[in-house]
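Asker: Each chain is listed here by its residues.
Number of protein chains: 2
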Amino acid sequence: MTINKEKNKIEVCYSPALYPYYRNDNAIVVVSDILRATTAICAAFENGVKQLIPVADLDEARALKKRGFLVAAERDGLVLDFADFGNSPFNFSPGQVKGATIAYSTTNGTQAIRMASEARHVAVGAFINLSALASWLISQDADVVILCAGWKNRYNLEDSVFAGALSNALIESGGFYTECDAAVAAMELWELAREDLTGYMEKAAHRHRLKKLGLDDIMEYCNTPDSTRVIPLLKDNFLVEHKDY
Amino acid sequence: MTINKEKNKIEVCYSPALYPYYRNDNAIVVVSDILRATTAICAAFENGVKQLIPVADLDEARALKKRGFLVAAERDGLVLDFADFGNSPFNFSPGQVKGATIAYSTTNGTQAIRMASEARHVAVGAFINLSALASWLISQDADVVILCAGWKNRYNLEDSVFAGALSNALIESGGFYTECDAAVAAMELWELAREDLTGYMEKAAHRHRLKKLGLDDIMEYCNTPDSTRVIPLLKDNFLVEHKDY
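Going down the list, the sequences are from chains D and R. Taking the numbering used here, the leading residue of the first sequence gets 6, the next gets one more, and so forth. Taking the numbering used here, the leading residue of the second sequence gets 6, the next gets one more, and so forth.
Source of the hints: derived by calculation from the structure; they are not laboratory data. Nothing here was measured: the structure is a model prediction, and the numbers come from that model. Glycine residues also receive a C-beta, built at the ideal position from the N, C-alpha and C atoms. Do not rely on the hints blindly, as some may be mistaken.
Claimed, not checked - Calculated from the model, a selection of chain D residues having no Cβ within reach of chain R, i.e. all distances over 10 angstroms: (1) LYS12; (2) LEU23; (3) ASP89; (4) GLY100; (5) SER144; (6) LEU162; (7) SER165; (8) ASP186; (9) GLU193; (10) HIS213.
As the list claims (entries may be wrong) - Straight line, CA to CA, 25 angstroms or less: simulated BS3-like cross-link-like pairs of lysine-lysine: (11) D/LYS12 x R/LYS208; (12) R/LYS217 x D/LYS14; (13) R/LYS157 x R/LYS217; (14) D/LYS216 x R/LYS216.
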């Protein structure tokens, strides 16, 4: 392990409950909730949403609904009755979201975004914006913490494989290193998964949860890299699209 | 994923800080801290220690020392000044430990053992007792939670690879299943590591921590399966050797 300390450091945190042990407020935190929140957030910006308000709890989501905001809200994969959308990326079609501000609350992902708000930047990562996000991170000269939203604070496979994909892209650029075992393990999984990502994700428990609910139509979309160049960033508690690419 | 609910369930918890999300008091909890606490505990019983008192904090270790107990205590790999031993498995030689009761405090492992004390059983797992432990678990007809001690609540590679090895042995027996992504990922790593475990562990951050301290003489020993048949179990806050094999 030869480390050039002038390189920037990558760390991977497998659960929001572990974030205190990985927290580095000088870093850019990339939040990953592949199935489905961070994929849906990228899709929403790709389809022209103006801004998203990441909402941690349902009372806040209901309050924003009463104030006239569009609200996307789900728990355990199901749309909540007061909400306008759930968190399928297919919910956020251009006709429905273009120019809109949407309050968004999910089981895991939006809490993770809020949790990291003291960091240098908080970016939203998914396979669908992988290359654009990697390029932007490489341009920033900062440490990176990849925060996997997981499933109710438990480890999940899809967020970890994404963390491996992003770690791998950053290290291949030459500007990053890692001493983090979670990043090492995630890159190992990415090597196993990369040739057939959708097939590999058959192993993931949440894929089966979604299938039972009839919600697994989004697997191919969520597991296909680089369908968009958007980079959603948290700015003053709003998610907005980073524009300078 | 075909699941026979009459099989017993395996779950893998990558950090003591995640234990609340995996806790199952009907399960047998296997604690793994390969480098070096749980390997050292197995070595101590192999060499005839009568019982070990897992101690969570150093004040308790000092108090037991004053009461005349032999004390093994380390933090960050280094022996503490008041202690009789550190936590290298080579410390616990037969001449020193045969018939003794030793109070034992480590950076990660002994806290994890104490944390799980409400479970059906708490067993100590390491590569050196892998097959004996797997056989005993298969005989017990109970769910299994493998609790990785990690490194200061962060994920580590060696405990995860061990979790994969044990999960794999249990599933191959036909009596267990898993729906746990952490177990799936751990078994993937074990498949990558099993042909050359000591070589694979070169990737692990703690191996480099120990090397810097000149403490990596134990790598081969810690990564060689099945040098002992002992199964240390927690009974009334003491670790004792399970005898009925």
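Asker: Run through the hints listed earlier and report the numbers of any the structure violates, in increasing order.
Answerer: Numbers 2, 6, 7, 8, 9, 10 and 14 - these are the hints that the structure violates, sorted from lowest upward.
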